[in-house]
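Start from the sequences, fold in the hints, and give me the full structure.
Single-letter residue listing:
Number of protein chains: 2
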Amino acid sequence: MTMNRRSLIGAAGLALAAPGLESPQAAESAKPATKAPPVTKILAQWILASSYDTLPENVRREGVRSFLNWVGVAIGGSHHETVDVAVAALQPFSGPPQAGLFGRAERFDIMNAAFLSGVASHIFDFDDTHLKTIIHPAGPVASAILAYAQMKPVSGKDFLDALVVGIETECRIGNAVYPNHYDAGWHITGTCGPFGAAAAVGKLMGLTEPQMVYALGLAASQPVGLRESFGSMNKSFNPGRAASNGLFAAILAAKGFTSSDGMIEAKRGWANTISTKQDWSEITDGLGTRYEALLNTYKPFACGIVMHPTIDAGVQIRDQDHVRPEDIARVDLKVHPLVLELTGKTAPKTGLEGKFSIYHAAAIALVEGAGGEKQFSDRAVNDPRVVALRQKVVPVITPGIDAAQVDMTVTLTDGRSFHRRIEHAIGSVEKPMSDAQLEAKFTDLAAGVLPETQAKRVMQMCWSLPELTDVGEVARAGVQGA
Amino acid sequence: MTMNRRSLIGAAGLALAAPGLESPQAAESAKPATKAPPVTKILAQWILASSYDTLPENVRREGVRSFLNWVGVAIGGSHHETVDVAVAALQPFSGPPQAGLFGRAERFDIMNAAFLSGVASHIFDFDDTHLKTIIHPAGPVASAILAYAQMKPVSGKDFLDALVVGIETECRIGNAVYPNHYDAGWHITGTCGPFGAAAAVGKLMGLTEPQMVYALGLAASQPVGLRESFGSMNKSFNPGRAASNGLFAAILAAKGFTSSDGMIEAKRGWANTISTKQDWSEITDGLGTRYEALLNTYKPFACGIVMHPTIDAGVQIRDQDHVRPEDIARVDLKVHPLVLELTGKTAPKTGLEGKFSIYHAAAIALVEGAGGEKQFSDRAVNDPRVVALRQKVVPVITPGIDAAQVDMTVTLTDGRSFHRRIEHAIGSVEKPMSDAQLEAKFTDLAAGVLPETQAKRVMQMCWSLPELTDVGEVARAGVQGA
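So the sequences go chain by chain: S and X.
Be aware that the first sequence starts at 29, since it is given in my numbering, and climbs by one per residue.
Be aware that the second sequence starts at 29, since it is given in my numbering, and climbs by one per residue.
Read the hints as simulated data drawn from the structure, not as lab findings.
Don't take every hint at face value.
Same chains, same label: a pair holds when it works inside one copy or across any pair of copies.
[What the hints assert, rightly or not] Restricting the straight-line Cα-Cα distance to at most 27 Å, the calculated cross-link-like pairs of lysine-lysine (DSSO-like) are:
1. 484 with 185
2. 377 with 362
3. 63 with 295
4. 373 with 69
5. 283 with 185
6. 295 with 69
7. 295 with 373
8. 295 with 305
9. 160 with 63
10. 180 with 484
11. 377 with 305
12. 295 with 160
13. 283 with 420
14. 305 with 160
Note that the coordinates shown come from a computational prediction; the quantities given were computed from them, not determined experimentally.
Structure representation (structure tokens):
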């Protein structure tokens, strides 16, 4: 029997409408009557039309930076308890050893490898951020295509194109439903991520247009993650599962598994079902000219973004004005109300609690001149110098300062004072991390996981991504003992 | 580093609230302020407390009937093109040969086996139906636990308890959000199914209470399926993926993978995010005394339920009044408007189109005395005797007849007439299929897939489920060439 969609479509309606005697009209009327454009088809056509050659230079560059930042956080998170647990749980069911994990020695089939990479790269909440939607774009996409690239050789140019296409797909779909979809409770990285992974893998597999439409449809059928799980291992589960779900969708579609022709835009499709807002133009306008990848940002500090300006200011005063912690009498901060609401812990006891203490943020920046994962460790928050200094931090809610800004004045015991006003913190779209800063972050994350020489080699391969003939080499170079 | 949920919970809020500067209060106010009971914890405690000994006799019996019906449809659908495609796509990534599929020779790891069984058992839309929610209960649950039972021996009593617990879990959660959740566009079998599979597998794995709470949380993070995909292979994908997602959730939770403590009821949890209706009492009231399994129904005919009364009446008149098709002058049907709206095709050309033709339904019942998959084949709709008779079928919309009823009068050329009024069609809750009718359905579905003796043996094992020491034997007895 062949599955012709048109001929079967009523079967469901029949089987479903009858039992509850739900009147189709009644159900329809509950839905907006807006006629949506064929979004899924338009997107699929663009996905298939894109190529490395069509990517603007700045998009290629941001794609490479996104990849390098992602590899760094994937290495850094590779031995977190969350990954250890998932590896132990899934090993007995894994297929052929098709792909490895950064920083680890085990090998898995590509479905499990994609999941585990996604978990590892998000566990520190230190991965990239598309601020327009709060999607962490690289995780779901890179986890899926790097796993695939370890099974079937993929050139650096094709890989970079697939990465950009995947990021574009998930972020544009996210734009169409944000903020309503996110405010409702969905973890948008996990719900939009499968589209990005399916698009990117499907692109590498050379899907036909109908197959790509179905791959997006099967991805739409597998949204992942609710905000209630934030703070548990379940949060990093979401980008991981988004990666494996998108890969699963593409693998099935490639063999002829069918879906609807319009799963993104249909009345009973993804956007209308999962969100109260649907802005189709965010998905279809400017495809190939406007790139969401250019809006991707990288966290310089291992904490929430409201603390970033304070750390930025503290590091500047320490390094540029040569201020010594022991000479500091007082640290005045002018901040937005949200800063104290979210990070008002005055006496954190653990590294994790330190992530919610603007007092610790100011102190650690002035003492160590950094804000990486090490500065949010139990060791750091209990360092006597840090404990002493944070008690001298005085944040004051001040009109005219937004949550992404700070005004810091450090007064020394001898009466001298030093001042910084941060309009845009390092890591923002306006003041992106430099390549050197991304390298420092990568090196810091890899320290203790991979030997320095190996980490440096992997980092260099990331920078030369477009020149690679087989991207699988990056993955192989980044495993434990390589 | 340990992941303490409380200490981390703000991290997400911090990382997430800041970028968009979303005011938490603003977001909260968008949500109902109703204080929900600890639904997830209450449900987990009941799941763990249930045992075969605590199940009422009628619940045990319905559990066995649900299992037998599910095995029949799984065998019947095992060689559908949809399953062939999925098997071909997933074989290269499958793990150890831990489990087989009914009617087939291939073996897979239990994750892939659970998915494929779920697909096979739903492809004909001929599986069981919990009419209160339109959930097809057995697919997601039985697919997961039978795969698991092929890896770790499970007794028939424990398996039956897990099956009932899984059905109870998914149907109660479905009751809490139905109909709003379904009307919005979700395929409720795929969105609630993961809870049932996680509960049932977790039960067999002996999870602790916190682990069960987390398994339900990871299941909540993986809803599957949108109604837009109905009519494509994607529809049967949904119960399959629900089975593997629930299994995946339980496997991870068993090793210590954490989630939230209240993923079902929390403000940013499953029910509040995925539905505009949340009736917590549907989940928590009468646990252990009221069983949704008793509301499970089995389709006697391979088509939507609005055509069932007509087929029922036609079969009765043919068999009990010994009416021969060639003697029939006219067939009058008094029907509900929905019947013509959904099944008004007067001249179907394919078996699938036949599923939307009340004319074909009446004709095939009177000609062949049945309404199985074979009666909805291309052969059946093009049988000259059927084509001739359906042209004599005259349905008339009649007040006082609901969509689950029909009034049929067959008038012969010699003037004699025979009448049946069906208030409750066979297969309804009021007039359930008898064990003999379930056996006939099973035998019909297995014909052409398994040798008659083998099918009979598998069916007998299903009936004796509670006496089995290793339920994996049922699966092994049902594979191709066993």
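Against the structure, the hints:
Taking identical chains as interchangeable, the C-alpha atoms of residue 484 and residue 185 lie at most 27 Å apart only when both belong to the same chain, with a minimum of 22 Å there against 58 Å between chains. In this assembly of identical chains, the alpha carbons of residue 377 and residue 362 lie at most 27 Å apart only when taken from the same copy (25 Å versus 76 Å across copies). For a Cα distance limit of 27 Å, the shortest separation of residue 63 from residue 295 inside one copy, 9 Å, qualifies, whereas the shortest one across copies, 32 Å, does not. In this homomeric assembly, residue 373 and residue 69 never come within 27 Å of each other (Cα to Cα): the closest approach is 49 Å inside a single copy and 30 Å across copies.
In the homo-oligomer, the alpha carbons of residue 283 and residue 185 lie at most 27 Å apart inside one protomer (25 Å), although the nearest pairing across protomers, at 39 Å, exceeds that limit. In this assembly of identical chains, the alpha carbons of residue 295 and residue 69 lie at most 27 Å apart only when taken from the same copy (15 Å versus 35 Å across copies). In this assembly of identical chains, the alpha carbons of residue 295 and residue 373 lie at most 27 Å apart only when taken from different copies (24 Å versus 46 Å within one copy). In this homomeric assembly, residue 295 and residue 305 come within 27 Å of each other (Cα to Cα) both inside a single copy, at 13 Å, and across copies, at 20 Å.
In this assembly of identical chains, residue 160 and residue 63 lie within 27 Å of each other by CA distance solely inside one copy; the values are 26 Å within and 32 Å between copies. In this homomeric assembly, residue 180 and residue 484 come within 27 Å of each other (Cα to Cα) only inside a single copy, at 25 Å, whereas the closest approach across copies is 45 Å. Proximity of residue 377 and residue 305 under a CA criterion of 27 Å is satisfied in neither setting, with 42 Å inside one chain copy and 41 Å between copies. Both within a single protomer and between protomers do residue 295 and residue 160 lie at most 27 Å apart by alpha-carbon distance, with minima of 25 Å and 24 Å respectively.
For a Cα distance limit of 27 Å, the shortest separation of residue 283 from residue 420 qualifies neither inside one copy, at 64 Å, nor across copies, at 44 Å. For a Cα distance limit of 27 Å, the shortest separation of residue 305 from residue 160 inside one copy, 15 Å, qualifies, whereas the shortest one across copies, 30 Å, does not.
Of the numbered hints given earlier, the model fails hints 4, 11, 13; all others are met.
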